[in-house]
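Engineer: Just so you know, the protein sequences line up as chains H and P, in that order. The opening residue of the first sequence carries number 15 in my numbering; numbering runs sequentially from there. The opening residue of the second sequence carries number 15 in my numbering; numbering runs sequentially from there.
Facing chain P, from chain H, some residues (calculated, C-beta under 7 angstroms): (1) Ile88; (2) Val89; (3) Ser94; (4) Arg95; (5) Gln101; (6) Ala105; (7) Phe112; (8) Ile113; (9) Asn115; (10) Leu122; (11) Tyr298; (12) Ala300.
No lab work stands behind these hints: they were computed from the structure. Remember, it's a predicted structure, so these values are computed and weren't measured experimentally. Built from N, CA and C at the ideal position, the CB exists for glycine as well.
There are 2 protein chains.
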Amino acid sequence: MKDRQSVSIKTVSEKLGVSVATVSRVINGTGSVSPEMRERVLRAVQELGYVPNAMARGLRTNSLPLVGIIVPDIVNEFFSRIVLNVQLALAQRGYSVFICNTDERHDLEQMYLASLQTMQIRGLVCISGYDMENEAWPEVPTVYIDRNPETRVSDSTSIESDNESGGYQAAQEVLRRGCRRVALLTDDRRLSTAVSRETGYRKALESAGLPADESLILTVSRVDEKNAYDAVSYALQSGKRFDALVCCTDWLALGALRALKNAHLSVPGEVKVVGYDDVSIAAYSALPITTVRQDVDEMSRLAVEELVRMMEGKPCRRKNWIVPVSLVRRETT
Amino acid sequence: MKDRQSVSIKTVSEKLGVSVATVSRVINGTGSVSPEMRERVLRAVQELGYVPNAMARGLRTNSLPLVGIIVPDIVNEFFSRIVLNVQLALAQRGYSVFICNTDERHDLEQMYLASLQTMQIRGLVCISGYDMENEAWPEVPTVYIDRNPETRVSDSTSIESDNESGGYQAAQEVLRRGCRRVALLTDDRRLSTAVSRETGYRKALESAGLPADESLILTVSRVDEKNAYDAVSYALQSGKRFDALVCCTDWLALGALRALKNAHLSVPGEVKVVGYDDVSIAAYSALPITTVRQDVDEMSRLAVEELVRMMEGKPCRRKNWIVPVSLVRRETT
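Here chain H stands alone, though its shape is the one from the complex:
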């Protein structure tokens, strides 16, 4: 471990029998490399204990530049995967990344922003949460993911999934299969991501010539399996009938499936269900869930690329990024 600095990019490339350029591309996150090669290189980097130059410099001078990540809920796999990707990529560039979990609470967000300010962070990544204004926001380059606030710092970019298209694709999937009473299960907090998904859902229904039926918009006050189960059970008990349910997350879809099973409604026979995100549970649930996949890797890659550009004093390439989503068809439709 003491001889860590004698391990160079060359050592890594020799061990793997690949070019120095390939190793460098992986480490610096520049250029394209196949996922398999990326994995092999990162493994070797780890096994050999290679420390990128930027990081080595920081360790020597004890002045590692800091980046903060504000995230509402790290137990949510969609968020934790983005945090992990961003953090590892930034660490490779020599940045210490501090993860601040706000539990979607304004007071905690404010507390963290004050601390990060004191720590003189160089940049900030802010994932989702309420679209709240915050006067304490540090004036550093900022990347907003899944959150596009009206007031924002000058050096900033926002990265979102194409949620309107996602909502549209989800509804389209069940309409194509003949469903005519398509319900929506969403978050009652009106986050911008949920609103866009609802807009897409409404447009798909409209395109199919179906009237909007507000009684088919079901909401939960907290996005989890249990609340979804309760909301869907209650809707069924109140006599609401639908032949499809478009859910704003995979966990909502999971709770909906349990409620439908409990009410002896077959899926996809009597009711078709679509989730959103494509987290692990969608693929591994008892009935694998058809879902709208968010491209977490691309979102993280863009976030790091743009943040590093801004921290190096260059302008970001765009002020708003919309990342395409795709439908993953499984057994609930």
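With chain H's structure known, arrange chain P on it following the hints.
Structural biologist: Using the frame of chain H, we list chain P on its own:
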């Protein structure tokens, strides 16, 4: 939001129609309160924007005391739940908590410890990862969770699940049901937690008068679904036969289930499977998984209690805590 400080514990108690003492118990994490009441109070605290005194003081003086959390992989739900619990409880006591995700890499751990040192943290929580020695460890009160290093700072405590009992209970569960060729699927990195689980498994076999069969110890180099699938598929293709499989995590159990299905072996008919952790996937998988439940809430509670004691200059109550585990019986045994 400007008037945040005018919201007091009394405001919260009045809104809910409960006593000030109850609200105070929840906020300070002292005394016992039902989970429902705890949830109600925390909701109200959040809705009203109440800031605990310690936190309010910190915000005013801009000198919030910091605590670092070192975690190997926040995408792992077992870890992320502990981090979330610890962080929220410490935030209620007025500490900013910075989460450092090390990806189990010594170089990243070192980098974070150096940064935390510079930030003059008051305490540290270190979750799992390799049992590596680290000369850069800051001399601050430290709580080790799922990790009990030989050399550690003077003010420290370690908190672990009773992993030996967990391994024993898992093997016992399938032995009781008549299994005689009980395989183990574990991590080849020999982490202390995995070693203890293996010890328990071996003791259960010994108690049942079964000879140890080293060919039934299957290992993976990375603990995930895919590696488990590959390892179990390979074992079956090499002609290994077993009537039960004790897995060191739920994700390993999930990969094992896929391999068994692929080999047309019925579960629990021909092969019984037990997981470990009781993360969400165990309950929601196609075949709900019998597993050994780690008491995440109790581990987090102890961690916060002991860390706060030490940060306040009091000695910790114990140097080592062993938290009981329990078997959760589902459909794979």
